[in-house]
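So the protein lines, in turn, are chains A and B.
Here this note's numbering is used: the first residue of the first sequence is 1, the next is one more, and so on.
Here this note's numbering is used: the first residue of the second sequence is 1, the next is one more, and so on.
Think of the hints as simulated: they come from the structure by calculation, not from any bench.
Certain hints may be false.
Identical copies carry no separate label here, and so any pair may be met within one copy or between two of them.
Said to hold, decoys possible - The calculated lysine to aspartate or glutamate pairs, modelled on DMTMM-like cross-linking and capped at a C-alpha distance of 25 Å, are: (1) Lys-281 with Glu-386; (2) Lys-395 with Asp-635; (3) Lys-395 with Asp-247; (4) Lys-395 with Asp-143; (5) Lys-281 with Asp-624; (6) Lys-281 with Asp-526; (7) Lys-395 with Asp-315; (8) Lys-395 with Glu-238; (9) Lys-395 with Asp-310; (10) Lys-281 with Glu-82; (11) Lys-395 with Glu-145; (12) Lys-281 with Asp-171; (13) Lys-281 with Asp-247; (14) Lys-281 with Asp-236; (15) Lys-281 with Glu-469; (16) Lys-395 with Asp-582; (17) Lys-395 with Asp-526; (18) Lys-395 with Asp-369; (19) Lys-281 with Asp-125; (20) Lys-395 with Glu-54.
There are 2 protein chains.
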Amino acid sequence: MLFPTGHRGAATPAPVVPSTGRLQPLGLDQVRITGGPWARRQEVNATATLAHIEHWLEREGWLANFDLAVTGGLAEGRRGREFSDSEVYKLLEAMAWELGRRPDAGLEHRFGAMVRRVAAAQEPDGYVGTRFGRPGQEPRYTDLEWGHELYCQGHLYQAAAARARTGRPGDLLVEVARRSADHVCATFGPDGNQGICGHAEVEVGLAELGRALAEPRYLAQAALFLDRRGYGVLADIEFGRSYYQDDVPVRDTEVFHGHAVRANYLAAGAVDVAVETGDEKLLDAVAGQWQRAQARRTYLTGGQGSHHQDEAFGDDWVLPPDRAYSETCASVGSVMVSWRLLLARGGAEYADAIERALTNVIATSPAHDGQSFFYANTLHQRVPAEDVATDEVSKRAEASLRAPWFEVSCCPPNVARTFASLAAYVATVDDGGVQLHQYAPAEIRATLPSGEQVALDVVTGYPVDGRVEVRVRAAPASGWTLTLRVPSWSPSARVRVDDGAVREVGPGAVQVAGPGAGGVVVLELDTVPRFVVPDPHIDAVRGCVAVQRGPEVLCLESVDLPAGRGVDDVVVDASVPPWEVDGTVYVRAGSLGAGADGRDGDGDDGNGWPYAASDAVVPRPRPDLRDVRLVPYHDWANRGPATMRVWLPTL
Amino acid sequence: MLFPTGHRGAATPAPVVPSTGRLQPLGLDQVRITGGPWARRQEVNATATLAHIEHWLEREGWLANFDLAVTGGLAEGRRGREFSDSEVYKLLEAMAWELGRRPDAGLEHRFGAMVRRVAAAQEPDGYVGTRFGRPGQEPRYTDLEWGHELYCQGHLYQAAAARARTGRPGDLLVEVARRSADHVCATFGPDGNQGICGHAEVEVGLAELGRALAEPRYLAQAALFLDRRGYGVLADIEFGRSYYQDDVPVRDTEVFHGHAVRANYLAAGAVDVAVETGDEKLLDAVAGQWQRAQARRTYLTGGQGSHHQDEAFGDDWVLPPDRAYSETCASVGSVMVSWRLLLARGGAEYADAIERALTNVIATSPAHDGQSFFYANTLHQRVPAEDVATDEVSKRAEASLRAPWFEVSCCPPNVARTFASLAAYVATVDDGGVQLHQYAPAEIRATLPSGEQVALDVVTGYPVDGRVEVRVRAAPASGWTLTLRVPSWSPSARVRVDDGAVREVGPGAVQVAGPGAGGVVVLELDTVPRFVVPDPHIDAVRGCVAVQRGPEVLCLESVDLPAGRGVDDVVVDASVPPWEVDGTVYVRAGSLGAGADGRDGDGDDGNGWPYAASDAVVPRPRPDLRDVRLVPYHDWANRGPATMRVWLPTL
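Chain A extracted, bound-state conformation:
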């Protein structure tokens, strides 16, 4: 059994490697997902999604933009939106992680060829970007509100950090990023341009590149961008400065607000800066914002953002399921924030949030074949979404339909880079031992800070089966501690070490004395399907229940109803708990009757004024549907156009 050498910082092949913090990340060389749904997702990502994205980047000319930067003609010939470069960088990051996960000569070749095209477009002073500054284009940094120049370079840095940490510190991509970052520091430094980017990202990118290359100047520049923001540096716009979090300094903000992706990316960068500068106040501020956003501005799925208009968080408690925006990228961003807070502070609630967003949003975005994607993730589809041809670019990113590509196509490569690096979120170490945060069949070969080594094999049918068996292959003679997350969704849990007594444990982080080699720890979580009720402040789903099984949110899809019945006709009998037969979950249901009006079951045509005096005949739903099948939300819309709802009204 091979162990990587213990390492922290530059060389750990993981997306986030803070120099300090409560927990230490493990790299892709230390954790391998060996089976179960996540292994399948990684396989589809590697074999289908990466090539799919590369194909569309070529087809839409977003890669060719870099060639035009060399040959000339960008002003006339450039294609794609102002931020299209970033999709190339996110694909490169995804490829870098995939190559770190499992070397592949063909992928390595494609990666190198793409990097050379990007490198060729870099200007002598280090600037990289195809939208500004060339002959016939507006000068660089003349539209910080919408230009996305720093945003794009930030994604370049995350890709380079991935490459540097997966054993290629001298790689061309890393050099391109280094020269770009030096250019940004020179241009936006203390005495330079005092601007910031309308879309946060360069902060988190600079921080990670700075960590990967041990370059404190990059971290200092990230801190500078953060400190400048929130004072009206950017222009006021229709949506207000809150849209790009330039209304209040991040350290004075009470809750995530404005554009949901921007808000999460900014918070991730703020945690990085807080951790590296030891700024506990800033860390407290972001942790508080995270907490309130989770409590009042997050969907049951973990999705965030309830405004279609500005892709933004709504006010507290504004969580309409049928107008949920819940952008896939916002959940990628929320995982970035939760993971950083987990590393900095520990706390099972952060791992709970990561599991929720991964299981119910990020895993929902791609179709089973990994070649079409939800951009927005509604919780209630009232009319079957139009199909998008497999060769068509969708104009309607927000329409809650899966499409192979979008005019704004941020989500597909964001999903790809997350799946490729998924193993990094499974476990961490600290001086005392190993912490298991996410459950999947896995091999963990961890080196503790002490230099001692722990080898664990995780065997489980999770998430459908709540039994998690941790087999110890190697452990320090001196003893160690295994910390297991008991998810908040599990009403009860039991843990047993070797043949020891069974211990009842509550939600949170449960510690057990780690057994020696050959030992076994068994955690049993309660994955019986159950009804979930919303906080009464969430007006949009009052009087409804949802069904959850383990971490999976379930939904009703019209293809599982008798012909002619729509999901909006269904009313659940909440007095009968949901039950499971051969892995399929059912609820007892009735219907409002054909009568759209619903006040009576007599087939009212639903064309009357829909507001009646309260003494009008009350609804008498008919118990005529009986057993209705539910499916995991992340599986929906894989069986043709359908209507769907997560929240079900009760009798």
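Starting from the known structure of chain A, arrange chain B on it as the hints suggest.
What follows is chain B alone, placed relative to chain A:
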């Protein structure tokens, strides 16, 4: 007592004068509102709003654009959005109706001066518009999707029709409109440009101008525009062609959809064309669309449009109160449609809808001083809206705050023209007699088609008092019929003629034999405040009640709660009916408790994950608020920043 001569068509001083139909409109010379809330609205409109709008049109340079068209420099100097000309025309229409209602030399002078500036900008071929076609501007009609050139000229035609019918058929404005309409017919005729305008309006404008000037070519052109629409004539856009109703021909449409103002304006034009061409199929189609939109896509207030993103109708049953868009102009458009359908077919449901929209949306838009306006009309304000300085143009039309002016300022002049012509919606005549549709203190001096004359004085404290007394001043010797609308909101009603027996009557149109001169008809409607419950298909307000008194929707405003209590903390005890004391309505209420979480009343800080297993402790609202005051929705936000809600959760 003076009677106008009986007339139908060109000369009736009313906004809509079809050449045929079930009912005939009465002009502003035949109906005068003499007191009550509508008279007050008309007074504020005349004395404050018209001048306010004129001031802002000057200040923002939207009037000066017409001067620049003459002096040159439009390309560089033009200000305002592409449709700013239309706000000038809507103000001219409002002034024309106001002058028809009550001549005023000063207003007449201002009107004439403004018209001369518009006339000076008209091009030799009749085209009027400041945004296209001048040196340095794009050529005319090169952006039919967004250019609004035909939309603007359509508003010019409505203004001209108002002027022609209020005794000034030879007025300069009428000549300008005639030449513009001739230009449009020449340009977009059967063998001309086959395009349509991205924003319907020219159809209804051409139809009304055609009627006012007895010019069938204009009606034919309106019919042409209608028949072209719905076949993808306009470009596909992010929102889809449904946004401007170019996805399906209007005669094949099942329900209003897309942009709510566009949808209503288009439907109004369609009714005009259907009536004038005797196209019953088209009339049936629009009536069906109206019916379904009222049943499934209209707020309790009569407001329409639940998408902020594209100002559009949502799918059936998508009516979130806190994200209601309910644009003021959409309700102006809905009154246009309902009134046309009422004239064409009769039917109290159309008058019900007009009363609802006038009382609860159009009257809600302007502040009491008539100098600031809601553009969007939310039914649930969760955070107090920022104040807009009285000298500031609001960028945030959709933010549900009243502002003196907006970058897109369609609503203020739309409200002004509606208020100025309000008397036209009170009553109609047919061969048999007079129909009363809206109730207000009024003098009605109608000439029946037979040439016989009916004079009525309406005496009432409506809407707070449900007693309506109709005093007959003059009536045909041959007998006549008085038709009274019994609104659908009145659970019961009684009518008495002279000293005759009291008759119980149900909702709808109630006919009584009209008494002779000196006779009295008394209608008693039930305006006791009552709870209203929503159709169970409207997910967003499940488990809530609203309170209505007569036609007025009431709301809870935070300024009426104990200090520190927000509207979202209130829970109503629906077992206690609302009651009224000295004209003020109260409900019995409790609270969720300081605990934002609400699952317990123990002051939970509301920062926990808001979705719990259904066996978690259920909410125990505290009956600690007792009597909570409600106010008419149209009065809200006149007492400083506040939160507000119409739909109240029940214990």
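Inset, instruction - Check each numbered hint against the structure and report the violated ones by number, ascending. - result: 1, 5, 6, 10, 12, 14, 15, 16, 17, 19
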